[in-house]
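**Q** Below are the chains, spelled out letter by letter.
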Amino acid sequence: MGLKEVLKPLGAWRQVARRPHTILVPQRQREAAERYRGFHVNDLEKCIGCGTCTAVCPNDAIDMVRVPGIEPKKGDSGFRPRIDYGRCCWCGLCVDSCPTMSLRMTNEYIWIRDVPDDFVYIPGYDIKGFENKEKGYRKEKEHSFTHYHRVPMRELPPEERVETFAEVVLGYAEEEARREADRCVGCGLCIAGCPDRMHIPDYIRAIASGEYERSVNIMYENNPFAELCGKVCTRRCESYCSLGHEGDPVAIRWLKRFATERFSDLKQVIKVKKAEPKDKSIGIIGAGPGGLTAAYYLALRGYRVTVYEAMPEPGGMTMAGIPKYRFPFPSLKKQVDFILSQGVDLKLNYFVDQERFRRLMKEHDAIYIGVGLMKPWTLGVPGEDHPNVIYAIDYLRKVNFNEPVEIGKKVVVIGGGDVAMDAARVSRRFGAEVIIAYRRRKIDMPADHEEIEGAEEEGVEIWEKIIPLRVEDAPEGRVKLVYGKAKMVDQGPGRRPKPVLIEGEEYELVVDRIIVAIGQQADLSFLPPEVAEKIEVERGRIKVNHRQMTSYPGIFAGGDVANRVADAISAIADGLRAVKGIELYLQGSMD
Amino acid sequence: MEILERLRERFEVLEEKVQRDDLIFVGTTGKNLIPMLVYLKEYEGFKTLVMISCVDWIEEGKFQLSYNLWAPKQKKNIIVKVFIDRKQPNFTTIYRIWPQAEVYEREIHEMFGVNFEGNPTQGEELILEDWDDIPPMRRDFDTLKYSMEKFGERAPKSRINIRREISEQYDEWRRK
Amino acid sequence: MDKKNYFLDEKPEKLTYGGVFRKIDDWARARSLWVVAYGTGCGSIELRPTFTSRFDAERLGMRMVGTPRQADVLIISGYLTVKTLKRVIRVYEQMQSPKYVVALGACPINGGMYYDSYNAINQLDLYLPVDVWITGCMPRPEAILAGFKRLQELIDSGRADGWKKYIENLDWYRENQRKIIKNWKMPNYNW
Amino acid sequence: MSKKEVRLFIGPQHPGVTGNMSVEVLLKGDTITWAKTHIGYLHRGFEKLMERRIYIKSFPLVCRICVPEPDTNEENFARALEELGGIDIPERAKWIRTLVLELSRLQMFIMWYGGIAGSMGLSTPVQWGIGDRDYILDLFEELTGGRIYHIYIMPGGVRKDLPEGFEERVLKVMDMIERRLPEYDEIIMENAVVQKRLKGLARIPKEWVDEMGLTGPVARACGFPYDVRKDHPYEAYPYLDFDVITEEGCDAWAMLLVRRREIDLSINLIRQIIDRMPGGEFQVPLPNVLYWRIPPGETYVKSEATRGEFGYYVVSDGSDKPRRVHVNGPSFVHGITLLERLLVGQNIADVAPIMVSLQTCPPEMER
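Protein chains in written order, with my numbering: chain A, 5 to 595; chain B, 609 to 784; chain C, 15 to 205; chain D, -14 to 352.
Read the hints as simulated data drawn from the structure, not as lab findings.
Some clues are possibly wrong.
[As the list claims (entries may be wrong)] Per label pair, the in silico range of CB-to-CB distance:
(1) G330(D) <-> P30(A): 46 to 52 Å
(2) P30(A) <-> L184(C): 41 to 47 Å
(3) R192(C) <-> Y651(B): 17 to 23 Å
[Said to hold, decoys possible] Computed cross-link-like contacts, DSSO-like style, restricted to lysine-lysine with a CA-CA straight-line distance of at most 30 Å:
(4) K338(A) <-> K282(A)
(5) K765(B) <-> K50(A)
(6) K695(B) <-> K179(C)
[Stated by the list, open to error] Which bits of chain C does chain D cover? Going by a derived footprint, with three or more residues having C-beta under 8 Å, they are:
(7) 33 to 47
(8) 147 to 159
(9) 179 to 191
Since the model is a prediction, treat every value here as computed from it, not as a measurement.
Every residue, glycine too, gets a C-beta built ideally from N, C-alpha and C.
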């Protein structure tokens, strides 16, 4: 150590000649980086109030509040996140897990107050001046906590499908199902979409964690036809799934199917709690899903229940109307048998007419009508009574009950609903060439898009904007459909366009059978006049109150005959709701 | 691994697990612990004590003490586990084998209430000051409740459960 | 150790002068803020860049000093643990009036990350009067400087009177402090 | 207490201590005869808080355990969870992680390099060190979105890919730092004050290293080549070409030399990483983080922080929250067991340089 060590540090004086690197804040503000995790902004229109940000926030900084101007609706809870900057740590986990990608961060970072109460903030609603900043931390769809892609469902290839009535959908393997179930963020927005308000997030979470028995038990809390719904439900829940906004919704239906299919003996799985037997009996007309649901829960509550069914097998429309490649018979039998094992009395081949109805009214303390819609709507065109014009509902019933039907080599199905698709695809399985003729466009079809795709894969042709004009006889036992084309006329915002016939053009189509599938209506002729006059009927459906009771005290109705939706899950929901209604009615405390 | 065989020959080994090539877990009884640690230090080259940790298995009524040793030559860690009774959490100090054990034991005493007989400083406050509740790292200590009672909260949260709200909103008919 | 109480027992006298002297005083004071070098929490990591060459707070008349007795500003840099709170109160009471408190980060406002911690306080204003709150976790040096600018404005206009509030409401603050700090004697270590 | 002895309390509010901690010493004249470390001023109960948070929520917490060098914590905890949860991360993620870790080590060393001079009353290197470190923080801000707390390393990889042109900017900063280092050396290493005060200061007996479990630069300054990056290679370290740095002096000067050479090593490693950065995916999808359960098990993972070996002991009971996380920082031993023994016989004026030499970091001692 010597003079060198004393002098060397003086080299620091070189810095005097250099330009300082000081950033002259606050005179000159420096913008934060592109990805900076600064204050939040939220697109209130895109946000659906699912609360995932609340669930993932490590500091309990986010809570959900009502915001003026935003009303709850299906698929939107109406709540919006409120962030407390006295809690936030700007980790961005909320951004990375936001399913709709509405929440993001700006690169703004200065928030200074004299009082500590001014740090709570509703992004998007409270205007702070940095809403339009483009820079800041954002979620990358593929690299986030949200899994947007559905685990694909394996299906039979179309060539094989048309050969048999085997189930088209093959179902998830265990690992696939758990992976799919694990995508669910558990927000519960789907509950609002389900007519039956099934506890969807709970049973999906149970599947994800491998507790299949618990999962099925949760389903059976309010749906004794879980497997049916797992196969053929119209799954409106999926359209409200929070993941569906930016990706594929969780496959709620397939997951339900996976869980229920695992168990062949429901008696060992479902833990039922049976109430004390009560000295009241209820008659249920129609062994469809709605009637049997009511029967199941009434039986669990200790009532004596008798179900009257006109057909030789229980199941109603699910037995007679749904083709077996969608809903195999053993599956139905398994579920119905379990319901019957709870002490439900079933009388088959028992057509209730006016006389019998009077007797039932005397025998039972309450009656539930779940007869469904068994009378098809007709086309209302000349020549419709041609023997080669058949109705889809009769056709499907005959097929399902193995009755002989002759359809020939080429058929046209008129209609665009699920029944039309079923009729078309069944006809394909009989080897016929099938055309679906629909009066609107394909995108307007009420049928499930998967069904439409499935039909097309199987070689069904879909003709759009077809309006049948009349039916004529054709040679060689065939039939001729004379039709016109329609143009779509805009009906203003919010209403779907109406098909209007283009006058002056006529086309002909010669086929072996015309299958009419434009809907069904209720047949209420079994009601005796003294009852019928007291039951209000509105646009073809029985009018019921919020407890499913008709205007005739003690007579309840549900299912397709009483609601406008006419699907299985609504019928089940009606049945369940009627249980509560019947119970209250019998206790004399109907509200 | 060979070392496990040698340990099994000499001591009571309750459980063993080779987690990685360089990390072994060995469970033993309280009586065997100190001889095993001395053996590992003197004959197996595990010269260094990396840390002592405590795990509260409240459901089983046990505390797990984990002694993490490192062998500088073999570049291996071994974690010796021993379970003690949660109701009478008494154990023996090992600070005579490794001096830093004294502070680890002092911390565990403060955070879990485990008593290490023979540790000269264990009653002294290390981290907490004026602590007035059960040792905070025990599982039955509710830190959120304690914090809210003692330190309060500004701007209480709405605590809305979206799922319940939705169920109720659309579910009038089932509520009654 | 003697039984002397190290904390304020009685309220000190108030500043009595006003008028133009006070204004000149405030003007000068706002331009020379000395900060106690006490890193009470993780925010102190951002104080270092603030007070060194990259952001150079000394341009604005601010610098760190080692002793509270020469300081004007106490920065509470983030969370405060129970043990530190006691020292912070002691530091604050040693500072000469007028004195100012700046709270950094989310933690002093409503607990921040440690809202459920058994050892960190949730609301600083119960125990000390705070003049400026800067949220962030941690606030960047730019935000800290902006906060100091706000503090300067407040001092300039004579509104930074947290220290007066503390003296006037000493009993209220003491009561809150006593809820947390049980032992008011200084322990026989530290200090 | 002898009448000639004075009890002195250094800290927690003291410009010489490394953060919010304090040392109590007994003095005879100006020689320390007894010392005791007091911690707990920064105790937030991380381990308790993590026990009541689901795994993903712990990531914003763990990086706060060591304020100046948060990435070690994130990486360690992420690696522990990956090991227990059986997640393999892509190659690129490993390299990005290593880059972040090395950048983080570099900024800490630079800050420390200024800090050691500051502890002896030289204020110019402090200004330089912290000022130049800020350029690395700018890089972090660009990469992760946060200056101090990055929350960037997550189980399954890293959160975002490198931004475009990031590598060049890193290299530019490296060049800048390398240009500056000779100037640092001039005012620190070749400074008579530093040399006189640090040479022979706080000489650590060699047998203490294994006995007390000293790690990192402290052990390496005593000639023990303990470096987790070499001994238990993790992330991309097995593929990198470097030697463990050791010095033989056992004193504060040797620690300074080790850390000075570590700066060069870090710059070298960063260059190597950028040179060999593989392409591909930087993340594997995690299970749904809101419900992520980790199978029962326990593990201990460690990595080399600037101060020594940083370890995470994670016990999972199969639920969605950890049963126990024990964070073992090197300062626990360095700052308590070692410091208390090392201070005895030293001069009161040397407490600050010794503490800075050991690089005690209070938040990791008490968590």
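**Q** Next, verify each hint and record whether it holds.
**A** Now the hints, each set against the structure:
Between G330(D) and P30(A) the C-beta distance comes to about 50 Å, which sits within the given range of 46 to 52 Å. As the Cβ distance of P30(A) to L184(C) is approximately 35 Å, the hint placing it in 41 to 47 Å is violated. Checking the proposed 17 to 23 Å range against R192(C) and Y651(B) shows it is violated: the Cβ atoms sit about 57 Å from each other. Between K338(A) and K282(A) the alpha-carbon distance is near 27 Å, which keeps this suggested pair within the 30 Å criterion.
For the hint pairing K765(B) with K50(A), the CA-to-CA distance comes to about 23 Å; that is within 30 Å, so the pair holds. Restraint check for K695(B) and K179(C): the C-alpha separation of about 50 Å exceeds 30 Å, so the hint is violated. Beta-carbon proximity to chain D at under 8 Å applies to 0 residues in the segment 33 to 47 of chain C; the threshold of 3 is not reached and the given coverage is violated. Here's how the segment 147 to 159 of chain C fares: 3 of its residues keep a CB closer than 8 Å to some CB of chain D, so the rule of at least three is met and the hint holds.
Chain D is given as covering the segment 179 to 191 of chain C, and this is violated because 0 residues of the stretch bring a CB closer than 8 Å to a CB of that chain, at least three being needed.
Checked against the numbered hints above, the structure breaks hints 2, 3, 6, 7 and 9 and satisfies the rest.
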